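Here the protein sequences come in this chain order: A and B. According to our numbering, the first sequence is numbered sequentially starting from 1. According to our numbering, the second sequence is numbered sequentially starting from 1.
Careful, some of the hints might be misleading.
[As the list claims (entries may be wrong)] Not everything, but these chain B residues come out facing chain A in the computed CB check (under 10 Å): (1) R37; (2) S53; (3) A70; (4) Q106; (5) L222; (6) E232; (7) A459.
Hints listed in this document are in silico derivations from the structure and should not be mistaken for laboratory results. All values derive from a computational prediction rather than experimental measurement. Cβ atoms here follow ideal geometry from the backbone N, Cα and C, with glycine treated the same way.
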Amino acid sequence: MSAGHHTAEPGAGKSFTFQDRLLADAVRVYEQHSPQPIDDSEAVRLANVVPQEQKGDGQGGDFEIRIIRRAVHMPVAAEMRKELRRGATAFRIGLAGVVSLGLLVGAGAARVAIEIGRPADPGVTNIFAMLLALLGIQSVLLLLWFAVTIVRPHVLAVGSVGGLAAAVLSGAARIRGDRTADTNSRSVRFAVLEAVFSVLSRRHVLIWLTGLLSHGFWLAFNVGAVLMLLILLTTRQYTFTWETTILSDRTYSQMTHTLAALPGAVGIPTPSEEQVAASQWPIDPAASDADLTRRAWSGFLIGCLLIYGLMPRGLLVILCAWRWRGVRRAYRLPLDEPGFAVLQRRLDVDHRHNTQPGDAEVRVSEVDPVCSGTVDSTLQSRPPGDPVIVGLELSHDRLPALRDANGRSWQSLGNVDGRDALDEAVRELAASPSSASPLLVVAELQQTPDRGLARALTELRRAAGSNARLLLTGGDRMRRQGDGDELDRRIEDWRSVAVRAGYAPESVRATDLDHLTDASQDVLMQWLTQSPRQTVSTDVNPSDRAIALPRRLESVFDSILEEAGTWDAAPDVERQAALFRKIAEHYKTDEGRLRDFLIRCRIDPDHPPSPSSAGKWVQSAASGICDTLPARLRKSARWAAAGALAGALGGVAAAVLIWPPAVAAIPSWSALGASIGALTQLAGDHSRGDDRDRHGRAGDAETDSAQRSDLIRSAALYAVLLELQGRDESAITRMLDATFNERDPEDLRDIPTVRKWLEHVRHRFDLAITAEAGS
Amino acid sequence: MSSAVPVIAVVGHTNTGKTSLMRTLLRDTEFGEVSNRPAVTRRVEGANLLVDSRPIMTLYDTPGLEDSIALREHLDRIAASGRFKDDVAIIECFLDSPEAAESFAQEARAVRQLVRCDAGLYVIDARQPVLAKYRDELAILARCGRPIIPVLNFVASDQARTAEWREQLSRLNLHAVAEFDTVVFDEVGEQRLFEKMRTLLDEFSEALNILIEDRGRQRRKLIEASARIIAEMLIHAAAAVRVIEMRDGVPADGELDQLRNDIRDLEQKCVDDLLESHRFDPAICDADELPLDNGQWGTDLFSPEAIRQFGLRTGGGAAAGAMAGLTIDLMLGGASLGLAAGLGAAAGGLLGLGRTHGRRIIERIRGRRELRCDDTTLVLLARRQIHLVRTLLHRGHASMDRVQLMGAGDGSGSSESDCASRATADPLRVAGHDRSGSTRSPRLPAEMREARLYPDWSAVNGEVSRWGLSASRRRDSLESLAEQIRLHLEPPPHAATDWP
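This is chain B alone, in the form it adopts within the complex (with noise of 0.2 Å):
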């Protein structure tokens, strides 16, 4: 690997997400200071982008340019004042004065950065229309003798006027032009902002392949380890089951809340697992706002109106009411011994598979029932997380927005406000959404049927068995599981379908 790392500066106006770029860019939540207001950064910030912990890019964090009208004057008189062998000597000129440091403090900063890097990458608020400031601000940089690449930032915006800065900008001789929103996450535009880099950096197209190459593998990786989390929580959730006894044909209160308490406990788990591994902070989804934390919310997990947002129907009216989503599953006794005959002649009469059911049989015949979670609820479940990775794949670490687990699966999530908002601002889709898919009863894969079988596949049961036919069983379902969920991410938003 060349030792040659370009170093970059990120400049632009005031408020335009220079910040937001760097933390979209390096993945990283924290770095500087975020806030729709002027002069939030007051300092050159550096950071690596790292490939393999070594670093492939340093980008340059620079505080706004806010009066670039003035500035050009005062440049404009420095260039009338003496005779300059280029632009950039006045630039030079420019910082030693002592304006540099008193009313063009913040200016200077950044312009002396950019002199410093390799090239500049300069941020737009696409939303904003094309201002003399603007103008200035370009006509200023362009001065430092460093290559340009205008970054259009906020161009998932529906009031972006992106045509219309292109146009301006190659006016300008500024042909480079990347487009990557640092709230709406789009892996293309990045790639595209790093190729546009290559173009203008010869020299350092080495390190700049390695840079994309390995965006491409983490991402990757990335959709897989999440489709693996998401497939182990669905294989606990739907193996888990709960003996209880019943009274006057139904069962306790407790048991029901235990068994919600114990589902809850997964999704929770696995929402934080997936933040994580997409490095967001967990607090973004506030435990607060989950609705699986607190059963008064519309949306929450067990409630029909949550089903129905899902495009489900319930299958029964038991399922509908005061159960909210638990039915008692009442394979038992026959079916499940026949299974275990079929399989226990497959298998050889594996000691533990005959160990749970002849159990089971023995609590049938003590009038005890199995409570387990239902096939609405399970694909529910599913629904959520897939949308939730698929909101997260598409949101850029500037994002300040919460992220929310409800949303409809039409997938709207992908805009910079939170999903549960848009869904709601936009009712009539998920309505006519519900509507369409009422018909349909969800129907649950193969590996999550077969997972209800074995107890010993859930956590929640107590300990997951770890060897045997079983578990090598429970290590198929789950590779296969988290497959087909793997194809299900990688779809963008708008073109996903529901899943199963």
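Chain A on its own, in the form it takes in the complex (with noise of 0.2 Å):
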């Protein structure tokens, strides 16, 4: 473990160590616990500098070298690693420790097991009996420490050691931790302590650990036992025997054999048959070779303890330190940790790369050389002829089937797709007899507009004479696909290009095709007989026929505020259908209103609906309205309510007043309520009838008046939404988001509220009219 201070460039050109890990692991903690984030910018740019030679190593690749490169430049480091060397420090003296009292308690040990023998008789030692206290212990542990590690080492993780260890050192920890004022030297100690406890307390970690622990312990024990041993013997004289009560003779004798056999093989003198017999208590004080029995059993006794005692535990202390060692090394940050996880981004490797460094952007001519925007003199001076219809680049092969003012049908030239079709369509158009046709040509909003396009766009006209326009259609469509806001800026760029290829900027408009009402194939055919001039000329916006129309929002303002103040619940679906069904009634004096707000349901209105379709019906309806609201509206859980709520109940409404005898078949809102039902609790119902007494007051009447909120809120976009027919869908769009607002108050409580809020949107549905017709 390097405990040296890394300087300007940790870890370059080396790998990282275990301790550098352990830092920003701890770097991890600290962070995870911080209040604030912390401030990481300079060590995250000099985490990605990578020096070119380095390379990956293992199975977490560069991004773990570089979250340990962040990590040792971060502020706290410093600081880290001083705690993790004071760390280090104490598990050093720890181990020091470890072996001190192990030889303390061997030397003890053994000087206490020399003197069991017969207490009437000082310096007789009873040899098998000092060897079980200096052996048996220690042995019935290192078996049981063989059970724990090797047969079920999960019980060693949960095991009492590594807790009592820990319990231990974190007990010391939180005391130390505690007297400590400043409370981020506290934390960076208490994120270096849980960062080292975290990896030790990996299984194949602690197993190493405790086991270089626990055979140090013991080594100590039996090299502190053998010392003692060695002392003793040198210097005083014991007699060394044996007894039995229960046992044979020739058992001990037996016994004795067999564990001399191993020290005898390294050459460590040990008592024969003969003065093994001769030990046998009471001892003949008179035997020749006392003195030679006395050295032999002195080599057996040792031989036993290093060979029984030192030697297993040395080995395995060399084992354990080994492993230790490997473990150390092979660590690796845990990179699933949500604290590492969430760095990938800020230490991704720098991938983009450019090419090509002459490349300068491509300048794009602003003018085709093909499309020049001047009108040709020559044609624009021919008769008008047949109005003509072309289609570019549809994607299906439907024209509209228009008729012009005089009843003549518009000629359709089908759609141009490709070279071979454009050059056809042209050449038709030259060669029609009265040239300077009126030419429509029909494109599509999900195509982007190219210069492909353009070309055609240009050639066509050129074609036809100057009296070219341009229909953009397919607006749903590419609503449904999720481009919804994306429509006014995509009819700007058709725009532009149009005008580039020639064309009058009023001479491009969106009207959608695929659901065309009467008010807008009024509006259609009144902008295509105007010409683009005269269009300019006057101050009326042609599009808006809705203005031309009475407006009723006053009234229907009126009656919304009146059915509200009848309600002293939360009204139920009958009452809810009453009030749009009041809207409703009050633009039945121009049918053309709710025809198109079915239309804008995505409903057919020439086709009722019939009980069994009457589930997709209302789904249609509202999503159809709630496609229609704007980007910031639809986003908002309530608005998006409220417009589901307004297309399935106003289309249900609208489609009564439209066909009675047809829905009046459907029987009693049977199929229908049941939808409209499970709308409304999306809306913020879930007391109806008779459920409302089994819940609290204060419950309840949260869930009314939020109930009742929704359904104002969704009455007054129903009358906003009637109001606004007739006018380009891109038009009602811009004038829903400038009258209703997502801040608004959440909660219509009373009347009051309820009358000051729709005055509030009536106003701003004026300044919206204004803008609007000012654009």
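Got two chains here, separate frames each, mind docking them using the hints?
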């Protein structure tokens, strides 16, 4: 473990140590517990400066190295290193403590054990009792260790040793930590401790670490015991003996022989058969070779301790130390830890690179050589001919059957897709007897206007003369594919391409032919019969047929207020439907708006719903209106709910007025009602009818009020939608955007609040109308 | 590892999603510029796909082809003007001609890059009909003498004309077609794309194998990390507790708000972390749109509405009403004393545990109560995060939509528009879900119930215990909770069931 100070470029050119990884782990813990995010911009910058020769290593690859590099550059790193060094020192002190304790205990045990003999006769030692005392316990513990480690390793992980060590150390840490007044260094210390413990408590780490400690202790114990024995045997004289009550003499003789086999094999003197027999209590003091017997027994004793105590422990210490070292080297940061995973983006390797350094941006010429904006004067002077309609790269071949004011139908040239079709259309246009035919090019908004389309537009305009218009359709499909918010910009892109192709800005218009309403058809025809120049000169926006229609918003809002005044609790579905029917009735005289509304709901106004399709019908209505809402409102749950409700209830109300007999045939809301009931639930109702009594009063009032607010919002939305029908769809969305605000009060609890809010809505509606007329 | 790295040009008509494809393959939301307009990318830009920080593939983004009809005519004219060895010679002649720097400058960039690369990915907006201009583009690119893999983008859209395109492409003799939506991410689609490249680029098969393997590994890791992030947050939230004084039997308002804010902060951090680990900009979950930041929204975490949207029914009136998702946990005194005793016996009377429970008993004697998040709110928290991760797992890095936390358990968030607008645009499903799920009361997983008993497991209550028995139990609970969540993250969104 390197304890040295890491300077300018830590880790550069060398692989990171275990301590570096501990540091990175500690930084992670520290960040996780830190109340504020830590400024790591400098560390991230330095971490991302990779020396070229640096190679990724192991599974984690370079991401781990970046994490470590970032960690060592963090502001807290220096303090953490200090803390880690302190920890390493503490670990060494602890190890030294364990070793010295082992030595002392071993020596003490040997001192005590050698006195086990016959208490009455000092200097007489019971050899087998002594062996049992010195080797017995540690052998049992050794077997236990093997069992725990090799047979059932997981016992140890949750078992006592690690837990005990952790508890003792953490207790010490807590006491030390609590004394520190500085909270930052306290949390640094805690982070380091947690990181260390989280690493150490991993099973395979813990086994070798605790093994190192426990075998270290017993090794020291044995060393202490052997040393003490040597001292005692050198300086004092002991008589070794053995005795037994139930075992036979043979047993002892054999046991001695077996135990002595290994020590004897390495040349340590061991007692012979006769010596063993002679040593049985009581000893014959007059035995001739008492000295030799003593020496043999001493050798046997020391040999057993060395071979059966010291040697296995020593080997195991070496094994554990080697494994512990291996574990430390193999340790990799747990990269799936949340604290590390979130760094991914910040520590991304820079994978972008610019090629073709000399490549400047392609300059796309604004004026295409083919598309000059000037109008060919010779063509302009030609008399008007049959109006011609042509599709440009449409996704289907259907072109609307249009008739002009005189009842003449427009001649269709079909869908132009590709060089040959374009050439043919151009040829036909140019060959047309009366030339200068009014030309309507129909294109789809889903198409991105590109230079190819611009070229085709130009060629068509040139062939037709000046009176060419561009009609953009498919807005609804574009919205459905999720690009509704881009609609305005797409129209603008098309307009600018058309202008470059020589079209007048007013001769570009977006009308959805898929959902052509009566109103929009009228507007379309009006637009087609006017020449672009006329359009510019008139002040009135021709597209706003709706302006000519009588305005009913005020009276509708009055009836909303009136109706709301009659509710004592949350209105049930019947009353909700009644409110919407009342609103719809205001517009009964211009049925066009109701029909348009249905079209907006993606419902065919000529086909009344059947009971079987009711669910689908309501759903279509709800989602149709939701899609019409501007993105801002659509994303507000409240307004999305109001839109859905307005679509469903409003659609039904409009349908009832358009086809009273057909809808009357649907048995009293049963099919529609169920679907709408589900919808209103979404919109905030959950205490309907019988449920109500079972709920607490406070909660009831709350949901009632929320439900009423939702209903009023959707009613107002419905009214404004009806008022706006007949306009461009993008205009409707724009004006809804200006009229409603997602930050309006959420809770329209009482009549004055409702009145005030409706007043605001009306005011914003007026502003929107004015803004729209001005644009 | 072999040093051979395939170099691929991404070509296609303007605004079909070439830069989007780059972004999604690179997992880089900031590469280039993406906009739904023509000719946004005006220059060739390259980037490497990395495995362990080493480039394994180089991709080049090119400007879109726009006027292919005219270019094809031009090439035909060149072909007619002289004698050329082969098609590539015609292309080379075109690239040297003055037109390549003028009227066809944009197209020339793309064509030149393709000629320099090993292969080309031809990006197709599958929602578009097979128009003549696309056929012309393919004819031009076919002359470059490089293998072309058509990539059908936006296949997840319901307006995709996948079959039509496949039919037309096979007529043009292009059979190795990949379907890969850059907005709605599909890991299998990505793998298939690489496999198709491997088929066509035999000499780079080793690099592509490494890439495919790495992508799978990264994704598994990502799911694991996400599960851990969520589990961590849930443990914090479940263990969060405030000891409060009661006034006339109800807690003071400030206390409720305090806990509410704590829980919101936890969720906010979780959301940020999830977005970061999935390599999305945390800004796509706009703080302004986060329901947690501003209580007036209907999607407020604690509002009965939000809870109902997840098909849960609050336990009783108190939870539905003004308490808004919070309820007083009266599990005090006797219950916790018994628990403390039981656990204490088992744990040998561990100091930390005894201390916290001892304090709770004293609090109880002093007439204080504990306030915590109720089960329904916790379940809602869990489902929202799981839903978020499922959304992110199927979100291409080209996606420009915002992510919203709201959304029903129906998991419709895999669509290209964000889950919230889908959920509301499809109200019947949500409502139906509500009714069907209303009878079920949520049951917390055992790990979270256990977390309730350990105040020292939550950062909301102060420092999280890091050692001792409590910490090791916390670790175990966290792991098994994360494992359960992981299993719920993996199924595709439409097959997913609610958790818990």
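Results of checking the hints against the structure:
{"no.": "1", "hint": "R37", "verdict": "6 Å, holds"}
{"no.": "2", "hint": "S53", "verdict": "4 Å, holds"}
{"no.": "3", "hint": "A70", "verdict": "6 Å, holds"}
{"no.": "4", "hint": "Q106", "verdict": "5 Å, holds"}
{"no.": "5", "hint": "L222", "verdict": "8 Å, holds"}
{"no.": "6", "hint": "E232", "verdict": "6 Å, holds"}
{"no.": "7", "hint": "A459", "verdict": "7 Å, holds"}
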